[in-house]
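Protein chains: 2
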Amino acid sequence: MHDNLIYADKTPAEVRKLIAEEKITWQTSGMCSGYAQANLVILPKSDAFDFLLFAQRNPKSCPILEVTDMGSRLTKFTVENADIARDIPRYRIFEKGELTGEYSNIENFWRDDFVSFLIGCSFSFESMMLESGIPVRHIEEGKNVPMYKTDIDCMPAGKFSGKMVVSMRPIPYNQVVKAVTVTEQVPSVHGTPVHIGDPSLIGINDISKPDFGDSVTINPGEIPVFWACGVTPQSVIMNSKPDFVITHAPGHMFITDIKNTDLKG
Amino acid sequence: MHDNLIYADKTPAEVRKLIAEEKITWQTSGMCSGYAQANLVILPKSDAFDFLLFAQRNPKSCPILEVTDMGSRLTKFTVENADIARDIPRYRIFEKGELTGEYSNIENFWRDDFVSFLIGCSFSFESMMLESGIPVRHIEEGKNVPMYKTDIDCMPAGKFSGKMVVSMRPIPYNQVVKAVTVTEQVPSVHGTPVHIGDPSLIGINDISKPDFGDSVTINPGEIPVFWACGVTPQSVIMNSKPDFVITHAPGHMFITDIKNTDLKG
Numbered sequence: 017m018h019d020n021l022i023y024a025d026k027t028p029a030e031v032r033k034l035i036a037e038e039k040i041t042w043q044t045s046g047m048c049s050g051y052a053q054a055n056l057v058i059l060p061k062s063d064a065f066d067f068l069l070f071a072q073r074n075p076k077s078c079p080i081l082e083v084t085d086m087g088s089r090l091t092k093f094t095v096e097n098a099d100i101a102r103d104i105p106r107y108r109i110f111e112k113g114e115l116t117g118e119y120s121n122i123e124n125f126w127r128d129d130f131v132s133f134l135i136g137c138s139f140s141f142e143s144m145m146l147e148s149g150i151p152v153r154h155i156e157e158g159k160n161v162p163m164y165k166t167d168i169d170c171m172p173a174g175k176f177s178g179k180m181v182v183s184m185r186p187i188p189y190n191q192v193v194k195a196v197t198v199t200e201q202v203p204s205v206h207g208t209p210v211h212i213g214d215p216s217l218i219g220i221n222d223i224s225k226p227d228f229g230d231s232v233t234i235n236p237g238e239i240p241v242f243w244a245c246g247v248t249p250q251s252v253i254m255n256s257k258p259d260f261v262i263t264h265a266p267g268h269m270f271i272t273d274i275k276n277t278d279l280k281g
Numbered sequence: 017m018h019d020n021l022i023y024a025d026k027t028p029a030e031v032r033k034l035i036a037e038e039k040i041t042w043q044t045s046g047m048c049s050g051y052a053q054a055n056l057v058i059l060p061k062s063d064a065f066d067f068l069l070f071a072q073r074n075p076k077s078c079p080i081l082e083v084t085d086m087g088s089r090l091t092k093f094t095v096e097n098a099d100i101a102r103d104i105p106r107y108r109i110f111e112k113g114e115l116t117g118e119y120s121n122i123e124n125f126w127r128d129d130f131v132s133f134l135i136g137c138s139f140s141f142e143s144m145m146l147e148s149g150i151p152v153r154h155i156e157e158g159k160n161v162p163m164y165k166t167d168i169d170c171m172p173a174g175k176f177s178g179k180m181v182v183s184m185r186p187i188p189y190n191q192v193v194k195a196v197t198v199t200e201q202v203p204s205v206h207g208t209p210v211h212i213g214d215p216s217l218i219g220i221n222d223i224s225k226p227d228f229g230d231s232v233t234i235n236p237g238e239i240p241v242f243w244a245c246g247v248t249p250q251s252v253i254m255n256s257k258p259d260f261v262i263t264h265a266p267g268h269m270f271i272t273d274i275k276n277t278d279l280k281g
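Each protein sequence line maps, in turn, to chains A and B.
In case it helps, our numbering puts the first sequence at residues 17 to 281.
In case it helps, our numbering puts the second sequence at residues 17 to 281.
Chain A with its partners taken away, still in its complex shape (with noise of 0.2 Å):
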């Protein structure tokens, strides 16, 4: 374990530096506080398309915050010069929907039609649910968040298709309103909740087992509410098996220079 409350009130700058000089290696929950950190998925400009497409017709589970041009190591919107190919702890890359390998950097593979998508994390409006007074348990039980495999499809775009992943946070039931109008504010982190109540609505017939991510206590008087989650793309892709993609590793975020507060609206 690695104590990252250390890195809490470092800049970003900071940290990515750490990161490309390949000091910190680890996963980043927890840094840079107040920062929004990005989920990332690298495609040839070949399946960028495709790509482009299904995250317009799928924005709670695939919120983009950033896509680089074609070619380009280098992003401009999230950060201005942050090298996609450095700064995020740990890299994975999949041929043909199979794990090929995990690395803490990817020059070597980099490639002119390669392009890089950044994609909203859960991380940024779960700061926002606590600054407003509603509990996140996982937080509190020193957990991942529980993750479901749903039966709700994702819209097809191309090649790329399959289910959507949700994420579930228990909310005492006097705070589910304000739950959903402060995620409301923050489309571009998943937005408002999906599913609220009854976990077999939507195919999760087991809340103990979650498919991702640890088990969180259900207290009485709480009910499980869920968010679409940034490991769908991951699992439609996955599922649709590109020829060659690279993303990080869970966890092990893109920090960028943007704060969670600038994402509203």
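Since the hints were derived computationally from the structure, they do not count as laboratory data.
What you were told as hints is all true, and nothing was included just to trick you.
Identical copies carry no separate label here, and so any pair may be met within one copy or between two of them.
Quick list of in silico lysine-lysine cross-link-like pairs, DSBU-like style, CA-CA up to 30 Å:
1) Lys165 with Lys92
2) Lys61 with Lys112
3) Lys179 with Lys257
4) Lys179 with Lys280
5) Lys280 with Lys76
6) Lys175 with Lys61
7) Lys76 with Lys225
Given the structure of chain A, go ahead and fit chain B onto it with the hints provided.
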């Protein structure tokens, strides 16, 4: 002049049928009251990624309502199975940035690599402004909305770049805030204003001489308020000179089955 009021209470399906039969061949403002109308851009797949990325980077100018599957003439989301090649009253074809013809349908031009983009239109938010008691001057004066080229650069994407075009509505000073909050609710039809007040700050030298549409009266106590305009993508396409593009003719819109009230949030 055609009296479009007689089509105000028809359903979108009824009016699209008359358009497909070429019984309606003129502009569509005021038809199918309460339903969203859309701008059209059709590009070959080879240019579609750059244009979708341009729209993603410029959501106020190019709010995407639907992108069709490559080669499909049929819409899926804004209307179930409208024929994009017949259900618009007038089309324009541009080759390398030059207008080469206007057509009442584009069946003879259709290609298997075409991708169609349907883009939100300010007709939708004007009806919401009127419902909120905010006057819309060009409607009062029976004119087209005044539109201006600005010196605001759009974010370029691939081969597409250019300046933002804005529409202007004079708003009584004590209703300017309401005009912001009403249009904030509908990001898919341009959303909040891009500028309020002094036109020279965004490169407009003479408010009485719009670049497109008609000049309207600005009364004492009224502030000119500017919104990103759906003419921007056409202007950018002309600036960027792609090999082949089909658009609607100005004012001759695609009438969707989406109610304006369903565009909120």
